[in-house]
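Position 456 of the sequence shown, counted from 1, bears residue number 456 in UniProt numbering, the numbering being contiguous throughout.
Check before you lean on any hint, since a few could be wrong.
Lysine-lysine pairs mimicking DSBU-like chemistry, simulated, CA-CA at most 30 Å apart [what the hints assert, rightly or not]:
#1 K327 / K317
#2 K317 / K501
#3 K98 / K165
#4 K327 / K98
#5 K452 / K303
So the derived label-pair ranges between C-beta atoms look like this [unchecked claim]:
#6 G517 / P587: 38 to 48 Å
#7 D254 / G302: 54 to 64 Å
#8 L607 / A331: 21 to 31 Å
#9 P604 / A580: 54 to 64 Å
#10 R44 / D306: 20 to 30 Å
#11 S630 / A705: 15 to 25 Å
#12 L607 / D306: 29 to 39 Å
Please keep in mind that the hints were generated in silico from the structure rather than gathered at the bench. Bear in mind the structure is a predicted one, so any value in this text is a computation, not a measurement. Just so you know, even glycine gets a beta-carbon here, dropped at the ideal spot from N, CA and C.
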Amino acid sequence: MKTYLLVHAAMLGLVLFGIGAGFGHPLAGAAAGLVFTLGWVAIRTRGLPSTFLGSMIVGLSLVVLAHLLGEAALIAQANALLMASLALGALISVVRQKPWTSEFSASAHGGAAASPLFLRINMLISALWAVLFGWLAFGFYFHLHPATHWGPLALGGVASIVLPKWLMRRGLAEMAKGDQRNAWPAPRFHAPPTSDAEESCDVAVVGAGIGGLTAAALLADSGLKVIVCEHHTVPGGFAHTWLRVAGRDPQNGDKLVFRFDSGVHDVSGWQPGGPVRSVFERLGIAGDLQWQRLDHRYSIDGKTLDVPRDWRDYARKLGELYPDEAKGIAALFEDIFAVFTAMFSTGAQRGGIPGAPGGPQELLAFAAANPLAVQWMKRPWRDFVARHVSGEGPRKWLAALGGYITDDIGSASVADMVPIFGYYINGGYYPQGGSGAMADALVRAIERRGGKVLLRTPVVKITARGGAATGLVVRDLHGNERRIAATAVVCNGDAREALAKLVDDPSFATTLAAQSGGLQPSCSAVSVHLGLRGPLMLPPVVHVETPDGTAGLVVPSVVDPSCAPAGYSTLEIIKLVDHAEAQSWFPPGGVASAEALDAYRQSPDYLARKLAMGDALIARARHAIPDLDSRIVYRAESTPVTYYRYAWSADGAIYGTSGAQGRLPTKTPLRLLVLAGAATHGPGIEAVVISGAYAAEALRPGLLATPAVAAKAA
Numbered sequence: 001m002k003t004y005l006l007v008h009a010a011m012l013g014l015v016l017f018g019i020g021a022g023f024g025h026p027l028a029g030a031a032a033g034l035v036f037t038l039g040w041v042a043i044r045t046r047g048l049p050s051t052f053l054g055s056m057i058v059g060l061s062l063v064v065l066a067h068l069l070g071e072a073a074l075i076a077q078a079n080a081l082l083m084a085s086l087a088l089g090a091l092i093s094v095v096r097q098k099p100w101t102s103e104f105s106a107s108a109h110g111g112a113a114a115s116p117l118f119l120r121i122n123m124l125i126s127a128l129w130a131v132l133f134g135w136l137a138f139g140f141y142f143h144l145h146p147a148t149h150w151g152p153l154a155l156g157g158v159a160s161i162v163l164p165k166w167l168m169r170r171g172l173a174e175m176a177k178g179d180q181r182n183a184w185p186a187p188r189f190h191a192p193p194t195s196d197a198e199e200s201c202d203v204a205v206v207g208a209g210i211g212g213l214t215a216a217a218l219l220a221d222s223g224l225k226v227i228v229c230e231h232h233t234v235p236g237g238f239a240h241t242w243l244r245v246a247g248r249d250p251q252n253g254d255k256l257v258f259r260f261d262s263g264v265h266d267v268s269g270w271q272p273g274g275p276v277r278s279v280f281e282r283l284g285i286a287g288d289l290q291w292q293r294l295d296h297r298y299s300i301d302g303k304t305l306d307v308p309r310d311w312r313d314y315a316r317k318l319g320e321l322y323p324d325e326a327k328g329i330a331a332l333f334e335d336i337f338a339v340f341t342a343m344f345s346t347g348a349q350r351g352g353i354p355g356a357p358g359g360p361q362e363l364l365a366f367a368a369a370n371p372l373a374v375q376w377m378k379r380p381w382r383d384f385v386a387r388h389v390s391g392e393g394p395r396k397w398l399a400a401l402g403g404y405i406t407d408d409i410g411s412a413s414v415a416d417m418v419p420i421f422g423y424y425i426n427g428g429y430y431p432q433g434g435s436g437a438m439a440d441a442l443v444r445a446i447e448r449r450g451g452k453v454l455l456r457t458p459v460v461k462i463t464a465r466g467g468a469a470t471g472l473v474v475r476d477l478h479g480n481e482r483r484i485a486a487t488a489v490v491c492n493g494d495a496r497e498a499l500a501k502l503v504d505d506p507s508f509a510t511t512l513a514a515q516s517g518g519l520q521p522s523c524s525a526v527s528v529h530l531g532l533r534g535p536l537m538l539p540p541v542v543h544v545e546t547p548d549g550t551a552g553l554v555v556p557s558v559v560d561p562s563c564a565p566a567g568y569s570t571l572e573i574i575k576l577v578d579h580a581e582a583q584s585w586f587p588p589g590g591v592a593s594a595e596a597l598d599a600y601r602q603s604p605d606y607l608a609r610k611l612a613m614g615d616a617l618i619a620r621a622r623h624a625i626p627d628l629d630s631r632i633v634y635r636a637e638s639t640p641v642t643y644y645r646y647a648w649s650a651d652g653a654i655y656g657t658s659g660a661q662g663r664l665p666t667k668t669p670l671r672l673l674v675l676a677g678a679a680t681h682g683p684g685i686e687a688v689v690i691s692g693a694y695a696a697e698a699l700r701p702g703l704l705a706t707p708a709v710a711a712k713a714a
């Protein structure tokens, strides 16, 4: 009702015109209406009028002008002229996606006025009024009976009062249901399925990445029997470590053993209440790990800065580097913090895992408390930044951590980018013992609860019957296949590779492609791993921009000396490569077999290219470590082929697979098959832990909101 009254107050200029015309003084009425409308704009907007009010001003001005000029034809059609002007203004507001009714109804809906749902509703109501005004213009022009004017107008008024609230409630109820693309009911876990399979369980998990292990551990914690199958020799996916021996120390003769990480170094979400920490505390393994906070140094745009641990100090330091942009940088960081806080605000009710509010009223409360997040989360990051910062230099600094999630920041949304600012807000951490320590802790949690993690056990098929997943077919070291029957299946493998090749249902891939717009692998990377003589006096993470390009340097030995022998260091240099370049590293025609790929990896062309790539990365790192070459005692390169070999990811993708239309749903078109990993929630340990929790919740609704079940004794 408030909105309806505001609209009528704004349209009082039309009423004044009607009164004047009714008493035989249309010029006076139009002039009074024009003066009132101009005053309304001056008081209410204190700026230029909206498209709709502008059209009213134009219409009233034309009526006044027609009378002053004595244009009889226009005077006779004054009502039609004014209504046509209003119809045009309403139509233009819809075309511009700035519906005229929204300026009046925004105050009645609080933060929800910033939502896409609010925009859609007002687009509909404004379009309705464009039609009504057009009809009135038609009726006045052809002198139709007054009932044909005021009847539709009355219906439009009623619709303007009733429809917005009804549509908002209905829309919020649909939003509260979450992703409904595959809304099959959760399974009932009475007992592991009985069949002629060699083994059975409640849930079988494909892949022992962090997302899959998280899902498995949470499901095991809820009392289910879980089996995880992993083709690699170690768990963790991109979070595992490997050892290399580089001869012996010339002074004491000790073996030079270096430990390197396969990909993960910097872990967010370990702050109190954060997703990673909350899950590990729930599982009783938080104390198994010792974490070291990682500091960053950036050398960008000809400037070098060690990033302070307080994000406001970092914003101030950036402002000192770019004084003309200082106010904008500070304002942008405050906005980022507001959106970040909103995005993670629901975690406390869900075991530390953020998610959408649970019902229409909760959604309204969230919108009221977080209007900026509601308005911007799904919009482009570049537009969010442009509100405050315009210079190319500071934009590079603001995108410095973008490589943690993508090689294409230009297409990233606010919801994609804001979480990585958690590294500035809450810090990023490295686990003592390397990234594999996280996987080892999750494996222990699963096994303590009666579950199994089977290594060197590749999955060759996800079995299905009647449109539902029924288990796995796996292969052992000797090539023998066996079946594992399961009530439900979690797939933590690369979505494109696993789902296209493993699912035993011909309609599955077609349905998923239709839902997602087609599956697209992420970028890959090239890297060089170095064992170095002597300590490195650097922060553990360094980002450098050189004339030849950028590179990320990670020095784990700064925070974890166990990475290297005493008196030595480890250095890992990383550069992202787009999908097209990643494909170019593979044999023409693709990978025919593991044996063929092994032969290709030993080919002179591949080895030469890999060596040249490593040389180029070392040259970039030399900008931060001038004497780097003389200190190298061990060197190994990784390419997209390397990542493909141990992660079985499409074209060596390191950040998972997404749909052309966005992230994949947790629930797949095949009933009782859910996804865990970067495909549903993006890359990074924090994101895949969230994804694993969502997968567990999909099979055990309410799991996250309930207390943990005590683990079985080890």
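Status of each hint after checking the structure:
For the hint pairing K327 with K317, the CA-to-CA distance comes to about 12 Å; that is within 30 Å, so the pair holds. With a C-alpha separation of about 50 Å, the suggested pairing of K317 with K501 is violated against the 30 Å cut-off. Distance hint between K98 and K165 is fulfilled; the C-alpha atoms sit about 19 Å from each other, no more than 30 Å. With a C-alpha separation of about 29 Å, the suggested pairing of K327 with K98 holds against the 30 Å cut-off.
Only pairs whose Cα atoms come within 30 Å are accepted, and K452 paired with K303 is rejected, the gap being roughly 51 Å. Distance hint check: the CB atoms of G517 and P587 are about 29 Å apart, inconsistent with the given range 38 to 48 Å. Here the CB-CB span from D254 to G302 is close to 42 Å, at odds with the stated 54 to 64 Å. Taking the beta carbon of each, L607 and A331 are about 51 Å apart, not inside 21 to 31 Å as hinted.
Look at P604 against A580: about 24 Å separates their beta carbons, and that is not inside 54 to 64 Å. Between R44 and D306 the Cβ separation comes to about 49 Å, which falls outside the hinted range of 20 to 30 Å. Hint check: S630 to A705, Cβ distance near 57 Å, so the stated range 15 to 25 Å is violated. Distance hint for L607 and D306: a CB-CB separation of about 38 Å, consistent with the stated range 29 to 39 Å.
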